[in-house]
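So the protein lines, in turn, are chains A and B. The first sequence begins at 7 in this note's numbering and counts up one residue at a time. The second sequence begins at 115 in this note's numbering and counts up one residue at a time.
Simulated from the structure, these hints should not be mistaken for laboratory data. All values reported here derive from a predicted model rather than from experimental measurement. Wrong hints could be hidden among the right ones.
Taking CB as the label site, the calculated pair distances span [unchecked claim]:
| hint | chain 1 | residue 1 | chain 2 | residue 2 | range |
| --- | --- | --- | --- | --- | --- |
| 1 | B | S136 | A | N89 | 35 to 45 Å |
| 2 | A | L267 | B | T141 | 22 to 32 Å |
| 3 | B | E168 | A | V336 | 43 to 53 Å |
| 4 | A | S265 | B | D154 | 35 to 45 Å |
| 5 | A | C51 | B | V122 | 14 to 24 Å |
| 6 | A | S335 | B | T141 | 25 to 35 Å |
In silico lysine-lysine, DSS-like type, Cα no more than 30 Å apart, as pairs [claimed, not checked]:
| hint | chain 1 | residue 1 | chain 2 | residue 2 |
| --- | --- | --- | --- | --- |
| 7 | A | K343 | A | K390 |
| 8 | B | K151 | A | K245 |
| 9 | A | K133 | B | K121 |
| 10 | A | K145 | B | K151 |
Covered stretches of chain A (in silico footprint by chain B; criterion: 3 or more residues with CB under 8 Å from a CB of chain B, positions within the stretch not fixed) [said to hold, decoys possible]:
| hint | region |
| --- | --- |
| 11 | 164-175 |
| 12 | 184-195 |
| 13 | 265-275 |
C-beta: ideal position from N, C-alpha, C; glycine also.
So you can see what is in the structure, the chains are spelled out below.
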Amino acid sequence: MKDFIDESYDMIVVGAGPAGSAAAMTAAKAGLNVLMVEKRAEIGCPKRCGEGISENGFERMGIKKNEKWLNRKITGTNIYAPNGKSVKVLFDPTTSDNYTGWIIERKMFDKMLADMAAKSGAKILTKTEVVSLLRENEKISGVRLEFNGRQWDVRAKIVIAADGIESRIAREAGLETTSKLSEFISAVQFEMSNIDIDPDSIELYFGNEIAPGGYVWIFPKSEHRANVGIGIRKTMTSKSAIKYLNEFINSRPGLKKGSILEVNAGGVPVGGFLDSMVCDNFIVAGDAAHQVNPIHGGGIVESFLAGRMAAETAAEAIKKGDMSKEALSVYDDRWWKERGKRLKKIQKLREVVEKLSDDDLNFLAEELEGSDIVGFARAEGFGKLAKILMKRPKLILLARKLL
Amino acid sequence: MIRVDRKVCLRCGGCVAVCPHSALRLTEHGIICDEEKCKDCGICIEFCPVKALESRGDKE
Ligand SMILES: Cc1cc2nc3c(=O)[nH]c(=O)nc-3n(C[C@H](O)[C@H](O)[C@H](O)COP(=O)(O)OP(=O)(O)OC[C@H]3O[C@@H](n4cnc5c(N)ncnc54)[C@H](O)[C@@H]3O)c2cc1C
Numbered sequence: 007m008k009d010f011i012d013e014s015y016d017m018i019v020v021g022a023g024p025a026g027s028a029a030a031m032t033a034a035k036a037g038l039n040v041l042m043v044e045k046r047a048e049i050g051c052p053k054r055c056g057e058g059i060s061e062n063g064f065e066r067m068g069i070k071k072n073e074k075w076l077n078r079k080i081t082g083t084n085i086y087a088p089n090g091k092s093v094k095v096l097f098d099p100t101t102s103d104n105y106t107g108w109i110i111e112r113k114m115f116d117k118m119l120a121d122m123a124a125k126s127g128a129k130i131l132t133k134t135e136v137v138s139l140l141r142e143n144e145k146i147s148g149v150r151l152e153f154n155g156r157q158w159d160v161r162a163k164i165v166i167a168a169d170g171i172e173s174r175i176a177r178e179a180g181l182e183t184t185s186k187l188s189e190f191i192s193a194v195q196f197e198m199s200n201i202d203i204d205p206d207s208i209e210l211y212f213g214n215e216i217a218p219g220g221y222v223w224i225f226p227k228s229e230h231r232a233n234v235g236i237g238i239r240k241t242m243t244s245k246s247a248i249k250y251l252n253e254f255i256n257s258r259p260g261l262k263k264g265s266i267l268e269v270n271a272g273g274v275p276v277g278g279f280l281d282s283m284v285c286d287n288f289i290v291a292g293d294a295a296h297q298v299n300p301i302h303g304g305g306i307v308e309s310f311l312a313g314r315m316a317a318e319t320a321a322e323a324i325k326k327g328d329m330s331k332e333a334l335s336v337y338d339d340r341w342w343k344e345r346g347k348r349l350k351k352i353q354k355l356r357e358v359v360e361k362l363s364d365d366d367l368n369f370l371a372e373e374l375e376g377s378d379i380v381g382f383a384r385a386e387g388f389g390k391l392a393k394i395l396m397k398r399p400k401l402i403l404l405a406r407k408l409l
Numbered sequence: 115m116i117r118v119d120r121k122v123c124l125r126c127g128g129c130v131a132v133c134p135h136s137a138l139r140l141t142e143h144g145i146i147c148d149e150e151k152c153k154d155c156g157i158c159i160e161f162c163p164v165k166a167l168e169s170r171g172d173k174e
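Let the sequences and hints guide you as you build the complete structure.
The structure is reproduced here in structure tokens:
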């Protein structure tokens, strides 16, 4: 393995998820000499994902859709209140295709992104872990790698930590990226087959008995197969996520009769954005930097965009020969302006929704139209939501948070 | 010190994210707890989606 790679690179990327691959392909295309290392034996496997992505996500990433990793086109969302009443959010293909969604095959999607990075000229290693950062004169100067029990050092001008929720590298660099239990969703999911589902819609179930601080999702991958998962906030209950999910499935004959093809678990950061995500010679991006949409927990596109921004900043810094924290803080400014501001606003919505009782949620399902809900994940339409909540005197204070 | 039930753990790494003492690591053999760093605060146990973690109760 040692003969396979160079002693030093312009940039080393830690982790080959969407954030890492986006960073690696962007930097390689900009002419940098890039190494990306992934500790797993297979990129993207096992998945930690419901595999939902919006049509306009592909546009923003600049990725062409490919049948090889597209499972199913989604044309609507059914949102269920605790009392079972549903609000149908129909994506309108006549006005804009932007509201359509897709369920993808993450294992193949992630590998395809890494493949794009490799074709762009980045070197990629799997089953290779970054065990620590190297320092020279206290500044980060590379990484220590481990493969098959052997360790060796590789130097780099810039290290990008795209190492997901289990990130240790950013903490080692000196950034406080520990997730608070109150801003971190505990999630578990079964990929189920032979179940009765609406194959063209995703379904979301809300309620404090069903999924405190979160929701249950059903994301169809075919006519009879879907990712059935749950995310909950563990500061609101002592019961485990898997217990809630089992109860949900057992209470629904159309799911209970099914089979389980895969079990996945994970954590989803919903908040805890960092003011600064850089140090001298170092940038953190993606889940490792909590760059996730806090209302639905989607992080594929956010991670990709952040990884790309990180690499663009790094390439510029290397060109100018200034990799200092100040020079790299262009990334902080850009991310906060382009993504962070909006995500922070969406986090407010999450904080409000989490505080609603089942009765409030049932009330909302009566008052809200599907078309109102479409904009929520994009930080639009909060005014109307606040107005509805204010019809209930005890919610006035809470609703003000949205204005 | 944390005990990990390897038969239950799905190796999602969420416990690593919430550990305030950087005591946990996700390796190819599963979650490893650094005895020196672990303060037995229990946050990882609380987070675990599948209840794979428990305290060995050797620190007060
Ligand atoms: C249950 C669940 C459902 C989800 N559903 C959706 C969804 O439907 N839609 C959506 O958009 N998002 C979803 N997400 C979120 C999404 O999966 C993440 O936001 C996304 O994968 C983050 O990408 P990333 O590149 O930052 O990190 P990751 O994809 O986690 O990649 C990080 C990589 O770094 C590697 N790594 C870590 N440490 C090291 C090291 N020291 N050395 C080498 N490699 C290392 C890891 O092995 C991993 O492969 C879901 C998450 C969960 C948990």
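Here is what the structure says about each hint:
| no. | hint | verdict |
| --- | --- | --- |
| 1 | B:S136 with A:N89: 35 to 45 Å | holds (44 Å) |
| 2 | A:L267 with B:T141: 22 to 32 Å | holds (26 Å) |
| 3 | B:E168 with A:V336: 43 to 53 Å | holds (45 Å) |
| 4 | A:S265 with B:D154: 35 to 45 Å | holds (39 Å) |
| 5 | A:C51 with B:V122: 14 to 24 Å | holds (20 Å) |
| 6 | A:S335 with B:T141: 25 to 35 Å | holds (33 Å) |
| 7 | A:K343 with A:K390 | holds (25 Å) |
| 8 | B:K151 with A:K245 | holds (27 Å) |
| 9 | A:K133 with B:K121 | holds (22 Å) |
| 10 | A:K145 with B:K151 | holds (25 Å) |
| 11 | 164-175 | holds (count 5) |
| 12 | 184-195 | holds (count 8) |
| 13 | 265-275 | holds (count 6) |
Of the numbered hints stated above, none is contradicted by the structure.
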